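Go ahead and model the full structure; you've got the sequences and the hints to work with.
Going down the list, the protein sequences come from chains R and F.
FYI, the working numbering numbers position 54 of the first sequence as 54, with every residue one higher than the one before it.
Position in the second sequence (from 1) plus 1000 gives the number in the working numbering.
Simulated from the structure, these hints should not be mistaken for lab results.
Treat the hints loosely; a few may be bogus.
[Unchecked claim] Pulled from the structure, derived: some chain F residues nowhere near chain R, Cβ distances all over 10 Å:
1) Val1019
2) Pro1040
3) Thr1066
4) Gly1115
5) Ser1149
6) Lys1153
7) Glu1228
[As the list claims (entries may be wrong)] Below, simulated EDC-like cross-link-like pairs (lysine to aspartate or glutamate); rule was C-alpha separation at most 20 Å, straight line:
8) F:Lys1121 / R:Glu93
9) F:Lys1147 / F:Glu1192
10) F:Lys1253 / F:Glu1228
11) R:Lys17 / F:Asp1142
12) F:Lys1191 / F:Asp1101
13) R:Lys248 / F:Asp1101
14) F:Lys1215 / F:Glu1228
15) F:Lys1144 / R:Glu93
16) R:Lys252 / F:Glu1097
17) R:Lys252 / F:Asp1101
18) F:Lys1153 / R:Glu222
19) F:Lys1153 / F:Asp1179
20) F:Lys1090 / F:Asp1101
21) F:Lys1016 / F:Glu1208
22) F:Lys1082 / F:Glu1014
23) F:Lys1086 / R:Glu167
24) F:Lys1086 / F:Asp1101
25) F:Lys1090 / R:Glu222
26) F:Lys1086 / F:Glu1014
27) R:Lys248 / F:Glu1083
A quick note: this is a predicted structure, and the numbers were derived from the prediction, not measured.
Note that beta-carbon positions come from the ideal geometry of N, C-alpha and C, so glycine has one too.
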Amino acid sequence: MSINWIGLYTMVRREVKRTLRVVVQTLVAPVISATLYIFIFGTVIGTQISAVAGVPYINFVFPGILMLAVINASFSSASSALYFMRFTRGIEEILIAPFSYLEMLFGLVGSAVMRALMVSFLILAVGVLFGAVSLLHPVLFVGYVASIAAIFAILGIIVALWAESFEQLQVMNTFVITPLTYLGGIFYSITFLPAVAVTLTKLNPFFYFADGIRFSMIGVSEASGLVGAGVIITLLIGLGILIVQLFKRGWKIRS
Amino acid sequence: MWYASGMTVLPMLEIKELVKIYGSGANAKTAVAGISLTIPRGSFFGLLGPNGAGKSTIIQCVTGITQPTAGQILVDGTDVVKEYKKARTKVGLSPQEFNVDIFSTPVELMDYMGGYYGIPKEQRQTKIEELIARFDLEAHRDLKFQKLSGGLKRRAMLGRALIHTPDLLILDEPTAGVDVEQRRDLWAYLKELNEQGKTIILTSHYLEEVQYLCKDIAIITAGKIVAEGTKEDFVTKEGSLETAYLKIIEASKTKTV
Chain R
1 MSINWIGLYT
11 MVRREVKRTL
21 RVVVQTLVAP
31 VISATLYIFI
41 FGTVIGTQIS
51 AVAGVPYINF
61 VFPGILMLAV
71 INASFSSASS
81 ALYFMRFTRG
91 IEEILIAPFS
101 YLEMLFGLVG
111 SAVMRALMVS
121 FLILAVGVLF
131 GAVSLLHPVL
141 FVGYVASIAA
151 IFAILGIIVA
161 LWAESFEQLQ
171 VMNTFVITPL
181 TYLGGIFYSI
191 TFLPAVAVTL
201 TKLNPFFYFA
211 DGIRFSMIGV
221 SEASGLVGAG
231 VIITLLIGLG
241 ILIVQLFKRG
251 WKIRS
Chain F
1001 MWYASGMTVL
1011 PMLEIKELVK
1021 IYGSGANAKT
1031 AVAGISLTIP
1041 RGSFFGLLGP
1051 NGAGKSTIIQ
1061 CVTGITQPTA
1071 GQILVDGTDV
1081 VKEYKKARTK
1091 VGLSPQEFNV
1101 DIFSTPVELM
1111 DYMGGYYGIP
1121 KEQRQTKIEE
1131 LIARFDLEAH
1141 RDLKFQKLSG
1151 GLKRRAMLGR
1161 ALIHTPDLLI
1171 LDEPTAGVDV
1181 EQRRDLWAYL
1191 KELNEQGKTI
1201 ILTSHYLEEV
1211 QYLCKDIAII
1221 TAGKIVAEGT
1231 KEDFVTKEGS
1241 LETAYLKIIE
1251 ASKTKTV
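In structure tokens form, the structure reads like this:
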């Protein structure tokens, strides 16, 4: 059978509607957080710090701030949507519909990516207001944001399948995503770090995520673009295959 | 196979040696123990049995909510496991439990479900209007599902099940919590649908409902079919379906003991 395009569009449309239904939580809150980051790092601390990698501090950290919001939006969209569908048995609407396992993956990930893109464009607008934004490679920027959002949407799906309580839904965010994000060089250049820490940072995939977005925005990069692209593509394919297999087995969604 | 005028007519549903076991090892529980069933096209089929007999599990295996442990299910000749995408388009389900986003309205529920089935927007909207009118949901079309009464919820679920005009309609306790007047109205609509050629499978604890609507009946206990036949087979023998049903269930208990 051919690809169920209308079904996929409907999944994304439904998530956009859900996002707008709780707009304060989904769009306003991340924009306020990003605005505070931009104000503190740009106006308060940034003016006391000399240029980093040849650019003003706020320009250096802005891509990381944006990435933080993208990751949170995508992860929470996918994890909460799927967890609630499991909880209310709304997932059965998807299971009885003519979706292949790959289409289920694309529908759920596409929905989360859409929310992440909405958040990222709003934060870009705030960045423009504060003069913290440049966008040297817009196509690359959208590509990086969408790919990173997709990775965290897939992680959100895994957590939503695994979790048996609301508390478990937060476990990965608290113990994996937040530490790796903050240690991934979003607020500092790795040139500030001792050699061992540089090596460790380069083992952290989040470093390549922030570096890619930063390069697409201000043209500054501290990592190999090829390695970064390789990390992102490998994670996307690897995690994607894992989810399709889990859907095929029906893990936690089919009894 | 069913034959008419020399042509092969596939049954609407064929279940062959279906087994469903939940869990494994010491925790394994057999919900369906090797059931075979053939439901011809155009039938109004009643699936009866006490709670936990395996009726909902069979329905879940047919619709893809549950994976069968063994056996084969064909909907209009299409294997629900091997060709699951195609098979899904042929089946509409109104489940026993309200498996919906409670913040969605009846119109949204039908719209999303129609979209999932790949129905283009204009066609979908026409069908939604038809179903909203048929189920008398006009005044409630934009109310959140959680605000609807039990009867209205059931009607919204039925609308959702019919949005893609399925060949096979499965109704798992469709009138639970529905008042008498609305139930009669629903019966009339289901009869009308069946007369138009739609195959319907109904599970219900209201035996008068099954007696009124169904042509063929199977009774299941402990994951096995213990009786199967036309409605007349049951009613003629015992006077009413309820009497026949109670006798069969009692006899199956005695056998088990």
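No chain R beta carbon within 10 Å of serine 1149 of chain F's: About 19 Å separates serine 1149 of chain F from the closest Cβ of chain R, which puts it past 10 Å; holds.
Satisfaction of hint between glutamate 1097 of chain F and lysine 252 of chain R, Cα-Cα up to 20 Å: Distance ~18 Å between lysine 252 of chain R and glutamate 1097 of chain F Cα, so the pair holds.
Proposed proximity, glutamate 1228 of chain F with lysine 1253 of chain F (alpha carbon, max 20 Å): Satisfied, since the Cα-Cα distance of roughly 17 Å is no more than 20 Å.
Satisfaction of hint between aspartate 1101 of chain F and lysine 252 of chain R, Cα-Cα up to 20 Å: holds, 19 Å
Restraint check for lysine 248 of chain R with aspartate 1101 of chain F, where alpha carbons must lie at most 20 Å apart: violated, 24 Å
Closest CB of chain R to the CB of valine 1019 of chain F still more than 10 Å away: holds, 14 Å
10 Å Cβ clearance of glycine 1115 of chain F from chain R: violated, 3 Å
Minimum Cβ-Cβ distance from proline 1040 of chain F to chain R exceeds 10 Å: Label holds. Min Cβ-Cβ 23 Å, cutoff 10 Å.
Hinted pair lysine 1086 of chain F and glutamate 167 of chain R, Cα distance within 20 Å: Since the Cα atoms of lysine 1086 of chain F and glutamate 167 of chain R sit roughly 38 Å apart, the hinted pair is violated (cutoff 20 Å).
Restraint check for lysine 1191 of chain F with aspartate 1101 of chain F, where alpha carbons must lie at most 20 Å apart: violated, 29 Å
Lysine 1090 of chain F paired with aspartate 1101 of chain F [C-alpha distance capped at 20 Å]: violated, 23 Å
Pairwise hint evaluation, aspartate 1101 of chain F against lysine 1086 of chain F, where the allowed Cα distance is 20 Å at most: violated, 25 Å
When each numbered hint is compared with the structure, violations occur for hints 3, 4, 9, 12, 13, 18, 20, 21, 23, 24 and 25.
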